[in-house]
Amino acid sequence: MIWLNIVIQGALVGGFYALFACGLSLMFGVLKVINLAHGDMAVVAGYVAVFLSPRLHIPGLWSFLVVVPIFALLGYVVQRTLIQKSIDRDPFTTLLVTFGLSVVIENLLLEMYSANGQSINIGSLIGESWHPASIIYISYVSLAVLAAAVLVLLALQLFLSKSGIGRLIRAVADDQEAAQLSGANYRHVFGIAAAIAFATVALAGIAYGMMTQFAPTSGGVNLLFAFEVVVIGGIGSLWGTLVGGIALGIAQQFGAHINLSYQILAGNVLFLAVLAVRPQGLFGRRSSLA
Amino acid sequence: MSTEPLFVAPRARVKVRRSTHSPLFTIIGALVLVCLLTVAPWIVPAQFATTLTNFFILVIMATMWNLLAGYAGMVSIGQQAFVGLGAYATLYLAIKGMNPFVAIPFAALVCAALAVPITYLLFRLRGGYFSIATWVVSDTALLIIGTIAVLGGGTGRTMPGLQNLSPAETAHFSYLATWFVALIVVTGTYVLLRSRTGLVLASIRDNEVAARSAGVNVRAARRSIFVIAAAGCGAAGAVLAISQPFIQPSNEFNLQWAAEMLFVSMIGGLGTIEGPIIGSIIFFVLQQSLQQQGAWYLIIVGALAVAIALWQPRGLWGAFRDRFHTELLPVGHWVEPGESGL
Amino acid sequence: MTAALLEVESLTVHHGQLCAIDDVSFTQHQGEVLAVIGANGAGKSTLLRTIAGLHRPTSGCVRLDGKDINDLSVSRRVALGISLVPEGRRLFSSMTLEENLQVGAYHANPGPFNIQRIYELFDWMPNRRKQSVWQLSGGEQQAVAIGRALVANPRVLLLDELSLGLAPIIIEKIYALVPEILAQGVSILIVEQDVSQGVSAADRVHCLLEGRTSMTGTPAELTSEEIDRAYFGAGLDAPAVTSGVVE
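Protein chains in written order, with the numbering used here: chain C, 1 to 290; chain F, 291 to 632; chain G, 633 to 879.
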């Protein structure tokens, strides 16, 4: 029963991790950019939700309807300006710029909001859970987040495989020059991919804010998890991201079970183990590492 | 087929040379500076010595980061792993009875030794994934050290072996130790980059495939640089532990070190020796003047680093160097077109 | 004389400090097949890539229909009718045959070619449309690459090293398509290392040696000896040997 609970809790948090990670995976797959500010974007989304909800008289639960489109637009703009400029220089610069942005964002948030935790008020929903068996409690919020993650990944998969723009995105990810030669305006395609990535990370940030408290520095640790998910699941595979998320979640729950302070460590160990034994991840392609 | 030469375009004669002016100027200037800095603790107020200590720690870390990123092309945001490991190695040796100052080189060696197996993991990744993986390594080291009770666990403990010194003496000696380590690290890096290894590194940085086909063992070169950078950061961690003798994981393994190393190198200029030093000066000036405003100095430094990365990627020193064609510590080569013109 | 479609004038292109193309000029006319031949490293691919917009020239210009296109992006040039089939095919490896064509069709100009037409041109394709392209043979991949470029309805099709890595019989089959493509009003610029194929398919031949024009002319006017000399550069001290009509 204890093991079942570990697996279930791990899967629940894994859904969140996957939602968080798919933006990172998309940005890297298409733009070949590692956005080190990815985690902080989620936190910013959380703060924006906290800021806007009372002013627009929206209950916290529905704040994502406003925040996600804002972030999609933000993603497009940021990509066409800052990120494109760094890509035009070299991959080096994108790392340095996104890292710099990450530090700036975190410290700006610290100045504006202090280090205290915040969360998105969803009323009594936060405490409610389903209690199917003795020690197993499945919180409704976590279940909703897992469902959202699966839905988003499904929608993204469909979009990428069936739509014209989705095909363009995949083409640019495969071979940017060849896509250009086929008439694609790659900067615009990059913008769309970034918009999707920012939208998903905003959703993840709001989900995070509902499940737990966030603070200006929460972005860092979540970036770490998102990255571990992408590597474990496999670079370039959306379903790999889901599996990776669940694997990380379960590993962490297992670590926590042994000793609460081993939770993050257990995840790191899984990551390092995958890196040692199968660096392309569970579902990844060998070539996509370099 | 005739044996006449094919299209032979007139070959331009080129000259290849090092610095732009007599090195005597640099050497004398350097000697004067070295003497001044060595006697500094006795001629400046005490808190200035502490500031200088922190300054030199940053110079050490930035120089090592610059070696990794600017020369070997590896962007690490996990060097704080070795800062922390160096600090804790020093702590461990001090607990075992060694004088902390004596422990500094040993701490550096420990970090170098630990770096070797780490490269076998890390080098499986490239680019941004390599970078985040360095951070995972650092995070893991932090977590592991945090579980070791004798080293203070998560809460930390003080460094033994310094109790018999007065606070003023501790400040003076830790300053001297830091200054000498910085001197060794910067001089060593300069010598390294002027050597054949420096040329090898520049060739890898400029065009890895070409370097490989010219016979360069790229992987081995990268590995040795990573190990050297680990040792340097380990030494920085050691002197950090001595100068701020309450050791705790959240301080020694702080991601902020990575941010500082990175910003400072970017602002000063990647790929130059002077860059990290100049960047550190700017950083400290900003930090001292904005001290009252909390985290604002870091925001400004970060924004400055981002702006420089986008618009002036060679950094402030790089721009100065390009404009005025001077170098204080030349490590590159100038190729000048000869008489027949290109 | 038919209208000048594509003009390259005094084009000089550098890769960093290396001069890849040095003062090359030629004109391609509507309905013409122009072959640019030369040894490895002669600058042929760089030439095509510059025309397509992937490289910026150091000096000189490229004109389409008399208009200077130097400042136009790659996608703009595709919209104006320049399609490059790149060296090495460069298909989208994670996608199927049909998806590759669909990407090409997304920004297509109006014209005679669409996916259905491509399926008629290559009758083996409809059966394999759902296959991943990495499962196709070299010759089949080359066909898909050509199809992907054609489906955009270009006015001039640039073919970069079609025969590289392919068996002679496959090369012949691909070159057999040239007349059909021409019949639809598409002009073709072929770059080849394989001299015999390039010359036999062409209306005019332009030879590059170390980035410079070493010879131009029609296949009828040029002896194989002259072609050899221009190709390899042996026995040449003057920059160019021209015979036949020079534009």
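FYI, nobody ran anything at the bench for these hints, they're computed from the structure.
Heads up, some of the hints might be wrong.
Simulated restraints on C-beta separations [said to hold, decoys possible]: (1) F:N497 to C:L52: 23 to 33 Å; (2) F:W601 to C:E177: 36 to 46 Å; (3) G:Q649 to F:A320: 44 to 54 Å; (4) F:R416 to G:Q825: 50 to 60 Å.
Pairs of lysine to any residue, SDA-like flavour, derived with a Cα cap of 20 Å [what the hints assert, rightly or not]: (5) G:K762 to G:S726; (6) C:K32 to C:A115; (7) C:K32 to G:P800; (8) G:K762 to G:P744; (9) C:K32 to F:G417; (10) C:K85 to G:S705.
For every residue, glycine included, the Cβ atom is placed at its ideal position computed from N, Cα and C.
Okay, the hints, checked on the actual structure:
A hinted range of 23 to 33 Å for the beta carbons of N497 of chain F and L52 of chain C is inconsistent with their spacing of about 50 Å. The supplied range of 36 to 46 Å is broken by W601 of chain F and E177 of chain C, whose beta-carbon atoms lie about 26 Å from each other. Take Q649 of chain G and A320 of chain F: their Cβ atoms lie about 34 Å apart, and the range 44 to 54 Å is violated. With their beta carbons about 33 Å apart, R416 of chain F and Q825 of chain G fall outside the hinted range of 50 to 60 Å.
Proximity of K762 of chain G to S726 of chain G is assessed by CA-CA distance (about 12 Å); at most 20 Å being required, the pair is judged to hold. Of the supplied pair hints, the one linking K32 of chain C and A115 of chain C is violated, its CA atoms being roughly 33 Å apart against a limit of 20 Å. Restraint check for K32 of chain C and P800 of chain G: the C-alpha separation of about 38 Å exceeds 20 Å, so the hint is violated. Restraint check for K762 of chain G and P744 of chain G: the C-alpha separation of about 24 Å exceeds 20 Å, so the hint is violated.
A threshold of 20 Å between alpha carbons decides the hint, and for K32 of chain C with G417 of chain F the separation of about 10 Å falls inside it, so the pair holds. The suggested pairing of K85 of chain C with S705 of chain G holds, with an alpha-carbon distance near 17 Å, which does not exceed 20 Å.
Hints 1, 2, 3, 4, 6, 7 and 8 from the earlier list are contradicted by this structure; the remaining hints agree with it.
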